[in-house]
Each structure stands twice: as structure tokens, then as C-alpha cells.
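> The chain contents come next:
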Amino acid sequence: MDTQALWLTFRLAATTTLVLLALGVPVAYWIAFTRSRLRPLAEAVTTLPILLPPTVLGFYLLVILGTRTAFGRIAAHWLGHPLAFSFSGLVVGSVIYSFPFAVQPLVAGFHSIDPALIEQARLLGAGKFRTLLEILLPLSARSLVAAAVLCFTHTVGEFGVVLTIGGDIPGRTRTLSIAIYDQVQDFTYRQATRTSLLLLGISLAALVLLYARGKPGESAHG
Amino acid sequence: MDEISIRHRQGHFGIEVSFPLDLRWTVLFGPSGSGKSSILRVLAGLTHPDHGRVVMEGQTLLDTERNIFVPPGRRHIGFVTQQPALFPHLSVHENVAFGIRHLRRDERARRVGEMLHLFGAEHLEQRKPRGLSGGERQRVALARTLAPAPRLLLLDEPLAALDDAAAHDILSRLRTLDVRVLYVSHDLAEIWKSPASVVLLRGGRVTQTGPLQQVLADSRNRLLQQLGH
Numbered sequence: 001m002d003t004q005a006l007w008l009t010f011r012l013a014a015t016t017t018l019v020l021l022a023l024g025v026p027v028a029y030w031i032a033f034t035r036s037r038l039r040p041l042a043e044a045v046t047t048l049p050i051l052l053p054p055t056v057l058g059f060y061l062l063v064i065l066g067t068r069t070a071f072g073r074i075a076a077h078w079l080g081h082p083l084a085f086s087f088s089g090l091v092v093g094s095v096i097y098s099f100p101f102a103v104q105p106l107v108a109g110f111h112s113i114d115p116a117l118i119e120q121a122r123l124l125g126a127g128k129f130r131t132l133l134e135i136l137l138p139l140s141a142r143s144l145v146a147a148a149v150l151c152f153t154h155t156v157g158e159f160g161v162v163l164t165i166g167g168d169i170p171g172r173t174r175t176l177s178i179a180i181y182d183q184v185q186d187f188t189y190r191q192a193t194r195t196s197l198l199l200l201g202i203s204l205a206a207l208v209l210l211y212a213r214g215k216p217g218e219s220a221h222g
Numbered sequence: 001m002d003e004i005s006i007r008h009r010q011g012h013f014g015i016e017v018s019f020p021l022d023l024r025w026t027v028l029f030g031p032s033g034s035g036k037s038s039i040l041r042v043l044a045g046l047t048h049p050d051h052g053r054v055v056m057e058g059q060t061l062l063d064t065e066r067n068i069f070v071p072p073g074r075r076h077i078g079f080v081t082q083q084p085a086l087f088p089h090l091s092v093h094e095n096v097a098f099g100i101r102h103l104r105r106d107e108r109a110r111r112v113g114e115m116l117h118l119f120g121a122e123h124l125e126q127r128k129p130r131g132l133s134g135g136e137r138q139r140v141a142l143a144r145t146l147a148p149a150p151r152l153l154l155l156d157e158p159l160a161a162l163d164d165a166a167a168h169d170i171l172s173r174l175r176t177l178d179v180r181v182l183y184v185s186h187d188l189a190e191i192w193k194s195p196a197s198v199v200l201l202r203g204g205r206v207t208q209t210g211p212l213q214q215v216l217a218d219s220r221n222r223l224l225q226q227l228g229h
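In order, the protein sequences belong to chains A and B. Going by my numbering, the first sequence opens with residue 1, and the numbers climb by one from there. Going by my numbering, the second sequence opens with residue 1, and the numbers climb by one from there.
This is chain B alone, in the form it adopts within the complex:
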């Protein structure tokens, strides 16, 4: 079974988690400060812990004791947050093509077109990010992240700033993809309809894992408490 294992200590905050990636979608769920976003950043290689070890699918991505650190660009992991972070001086086409420079020019153009079509953004190809709406920027950000075909897609509340219709449309397009997703969201209704594993977190530790419906049924009251309802 594919598994992610993270041991990470930065100052006083520590994370020690291990959870399977048995379904295509895994949702990290927990209160603020439980370590959800930190887990994604550590996995992506954007945070350097003082001490730590990250193993994904048997591959060591980080081991501070053995001085191993696989740089973010070689992990084949995509990361999209609430902030699209499009390169403002590049067109939409150039943004999406940024991570697939190794492809031949015609292959690159085809892949860019394919990705933009997937997110309904092909008409934006020659535009600059400045003139795009929030939803359009997020579609382009997803297309850019998925263009190099990552083995894992990390999503840290990417739809939180969008209206319901845009969020629903983007989510339904994401569900059609054959890529594993590790998703941080406060809104379980977003992913309720699709099969997903849930990892419940508290204080940098896993408190429960399992299929969404089962975890929710088992710990409904605790979940509501965690979310402050």
C-alpha cells in the first residue's frame, strides 16, 4: 500500500504522521494549527525542518540525519493554494508551459492546450494574469501545476476564495483526472459526493483515518467540536 510518513520538527512545533494513500482523494481534516498546511509544505519540499524524515511510496524525500533532500522540482508533486501565484509578466500560455520546458515545442503547445481545455480556460491563452478573475486565475494555476503530470497533487483550500458555482465547476473537472490528490479543506460538503479517505489531525498527530463516510459517522460530534461548531 502507498503510504506517506512524515516526521518533522521545526522549533517547538512537531508533526509525526503516517497515513495511506489508498484512494485517489485523501482529505486532511482538522482544526487550525493541527498541521494540515505544514504537512503539504513539507511534502512539497518548501519547508526545511530542523529534524525530519519524509517517505512517500517508499522513496525518501527528506532525511536530515542522512542529509537527503530531494528538491521540490524533482519530487513530481504539484501544489496549489488559495493564492494562484501566476507569474504576472508571462501570458497564460507561458505560465502553463513553464514546467514543461523539457518537451518539444509542438508537444508543449499541445499539452498547454489540453490543460487549458480541461479547465475551460482555452480562451484565456494569450491573456496576462492581471486581467483575469479569481476563478480564471485558479483554473490557470491548476492547469500549470498539472501540465508536468505530477504523481501527487497537493491542494490547500484552493477554492476557498471562489463562489460556489466556480468552485463546484473546478472541483468536478478535477475529479475527472487520473491523479492522486491530497486535499486540505474546511468544507467537507465539497468532496462528500466522491469516494475519499479522510485523515483527521490534531496537534500534528493523526487521530483517525478511513473512508469519508465512515470517519464522519464515527466521530461526528468530535469533528463538529474540532471545527468549532
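One chain only, chain A, in its complex shape:
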């Protein structure tokens, strides 16, 4: 077992999940409650990573994060190294790749809350932030957990984006899924089986945890 890749994968998944929850909550709030005409566009953009081939997404990110663009140069200057082929670059790529998995359960959770409760909070003087913090988030706790579990497991299993942006640098960008690819290339099937079983176990355990929190007949996304 490539313990270095295992540790890197968990570090990447945990960091990505935290960043995604911090970004996903305000974006989901905006999508759920805005009356702006830009809402369909915002929903489409946040859903796009599901449909886009990971290599396409990875290629665009590689170009954007590289030192040929202003963003890439600023990031490189600020971090002291280019974003591409680094752990920070993997986090940026993973956040974009898993964004729909954070936003969609949260939007569904916010939509399931009775609008009368939000109106009462506003009538009682609560602003948007307090309503989000004290009413919306506690009442959509299941959706929050669903988003976190989906983001974590989706990041653990990602391959195309990680390989395109980060390459295959041991200890820096080689995650478990890339380690499996290497093991298959090297015909070390026994190791590949063990690593694959570990990923399978993680994904299955996460989904069991997700569905165990719901009552029978309810969707885990609600």
C-alpha cells in the first residue's frame, strides 16, 4: 500500500471538502433565493463539472493555473511556486471538479424549508446572515452532511483532473487513484487490488453513512 498516496489523498479530500462547504453555502443560498435573471446561468456553471470530461476540465485548469496567464503568475508569486503540479493546484482543481456535489444538495435542502419560517425570521428582525446561520443551516443539516460526504468521496476517487493538473509526483500530487493506475501499468495487480478495495470500501462506507441518516423513503439529498 502506498501510504504516502493514502495520506495525500485524505489531506486533499479533507481540504477540498472544507473549502467547498465554505464556498458552497453562500453560492447555494444565492441560487436558492435570488430573483436574479442570472440564476439559470449560475446553476448551469456550477453543474458543468458533472458533464465535462475531467481531462477537458483538467486541461483548462492546467492552462489557467500555469504561468502563461496573469492568474497563474499572481498565484505563483504569492505561493512561491506555480499552482500546476502542486498540492495547492490539486485543491483548486478538486474544488472546481466537485463544486456541484456541494451546491446541489444544499440548494435542495434550502428549497425544502418552509418559506413561512424564513418570512417569520425576517419579520422578527433577522438579517440574511442570521437567518442562514440560525434557521437555514440547522434545518438543512442533513443536506450539509450529504454535501460533505459526497465532496469527500468524490475527491478521494477523482483521477482525470488530478492527473492532468498535478501529474504523478510521489508525495506531492500522486493520489490513491493515480497510484492504482501506476500499479496496473507496472503489472503489480496484487497492490492495485488492495488499493482499489480500499477506495471501494471508503465509497461504500460513505454512502451507507449518508443513507443511514435518512428516514426510510427519504432522499439523502433532501
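Hints are computed from structural coordinates only; laboratory data are not their basis. Warning: the hint list may mix true and false statements.
20 Å max Cα-Cα, derived EDC-like pairs, lysine to aspartate or glutamate [to be verified]:
1. A/K128 / B/E94
2. B/K128 / A/D114
3. B/K128 / A/E134
4. A/K128 / A/D114
5. B/K128 / B/E114
6. B/K128 / B/E94
Take a look, some chain A residues computed to stay more than 12 Å from chain B by CB distance [claimed, not checked]:
7. R68
8. G160
9. R194
Here chain A is said to cover these stretches of chain B; the calculated rule only asks that three of the stretch's residues, wherever they fall, bring their Cβ under 8 Å from a Cβ of chain A [what the hints assert, rightly or not]:
10. 76–85
11. 89–101
For glycine and all other residues, C-beta sits at the position ideal for the given N, C-alpha and C.
Assemble the complex: chain A is given as a structure, and chain B must be docked to it using the hints.
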């Protein structure tokens, strides 16, 4: 004289009303679709009209032409409907305390106790809304709305789902309060015994205003017709 004036247009439906708040209780009366509930929602700030102006006691709460919109929480208006809309994850105490966070902790606790006592709900303080009956929920909803001491209380058929005894008890407790009430009800018998103004509405316009008994005497036949009897 304190007056409410509303000009509101949303799509094809328009409201243009102006009526005084000369008595403590004012009842909005009219057939379905006459704009009663819309008036309450516009006053509370829960509906954003395409075009409109709302003035209450000389204060402009909404003016779409001048881009004025006082948010619901700053209007000092309470609103209770048939649906109590208690926050399900908070206890009764936390629900009632929600709108008075600006008070010191001891003052807040005293105010919550006072409000729950007023509606005979002090024994429910630590309970969650899930375990309460319809009448108990409505008592808590009223206590929560009145805790911040609003200058106007909007009631949109808040007792319609309750049995007669519970409705009568809650109404008699409400009558003891020193707060102005704008009340939408289909049941005039509910408020017959107390002095109240009536505003008769039809198609988003006021057709008659005045003291309850006088309006009823003047337009008994039309009222019965409006109510579909």
C-alpha cells in the same frame, strides 16, 4: 388621524386602498380575492410590488419610484397567519426570544415569561414545537410576534383552524393588549363584542369604512352577498 395608504400593482392585480386606524381593532372584510391577505403582506414587507407606495402613520414604508423599501424587521409590524410557522429546531423559549435578541439576557428571559404567561403557555417553555397542539402553537406564535412590542399586529385568520373554545380564549387574551390590530377574518361573530372599525373591500378597493355595527347595519345585505350566503 393615523392612516394606512397602499397603492400596489403586481402583474394584473392592483390594490389601491386608504383607511384610518382610529380604533384599536380594524377588521378587513371582503370576499375571496378582494385583496385582504395581500394588504397584510404588503404592509409587512413580505411582498415586493412592481409599482407601489405604502405609507403608515406618515412614514413611507415602500415607494418603488423613490427606491424606498423598509425591510420587514424594521417596520415594527408583527404578522401571524393561520400557520404558526414556529422554528421546529428551537424550543418554545428560544422561539419567543428570537425577535428580542437585542435585550439583555435577564430582560429577555423576563419578556419571554411575560409573553408566555399572557397566552397561558408558560408551561410549554422548554418544549419543542413538534409536541404541541394547534392551539398551543398558535399561542406561542402570538407570544413570539408580540415579544418585540410591535406597533401594529397583523392577523390573517389566525384562529381559523382552532376549535371555538381555544379561539375564544386566545381572542379574549389578545383584546387585553395595548397594541393596534389589523385583522382579517371571515367570522365577524369573533370580534362582534369589542369596538372595532371595519374596512369593506372588493377587488382591491375600499367600498366602505366605519364602526363595525354601523357598517353592518348599512350594508347587511351586500355583506351577506359578498360572503356568498
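> If a hint holds in the structure, say so; if it does not, say that too.
Going through the hints against the structure:
Pair hint A/K128 plus B/E94 holds up; C-alpha atoms about 19 Å apart against a cutoff of 20 Å. In summary, the hint linking B/K128 to A/D114 is supported, as the alpha carbons are separated by about 17 Å, within the 20 Å threshold. Taken as a hint, the B/K128 and A/E134 pair is honoured in the structure, with Cα atoms around 16 Å apart against an allowance of 20 Å. This hinted pair checks out: A/K128 and A/D114 have alpha carbons roughly 16 Å apart, not beyond 20 Å.
Under the criterion of a C-alpha separation no larger than 20 Å, the hint pairing B/K128 with B/E114 is consistent with the structure, at around 19 Å. A C-alpha spacing of about 9 Å is found between B/K128 and B/E94, which places the hinted pair at or below 20 Å, so the restraint holds. No beta-carbon of chain B is positioned within 12 Å of the beta-carbon of A/R68; the least distance is around 45 Å. Distance to chain B confirms A/G160 as a non-interface residue, since its nearest Cβ pair spans about 41 Å, more than 12 Å.
Non-interface status of A/R194 relative to chain B is upheld: no Cβ of that chain comes within 12 Å, the nearest being about 44 Å off. Coverage of the segment 76–85 of chain B by chain A holds. Counting CB-CB distances below 8 Å, 6 residues qualify, and the rule asks for three or more. A count of 4 residues in the segment 89–101 of chain B with a Cβ less than 8 Å from any Cβ of chain A is obtained; the coverage claim is therefore met, three being the minimum.
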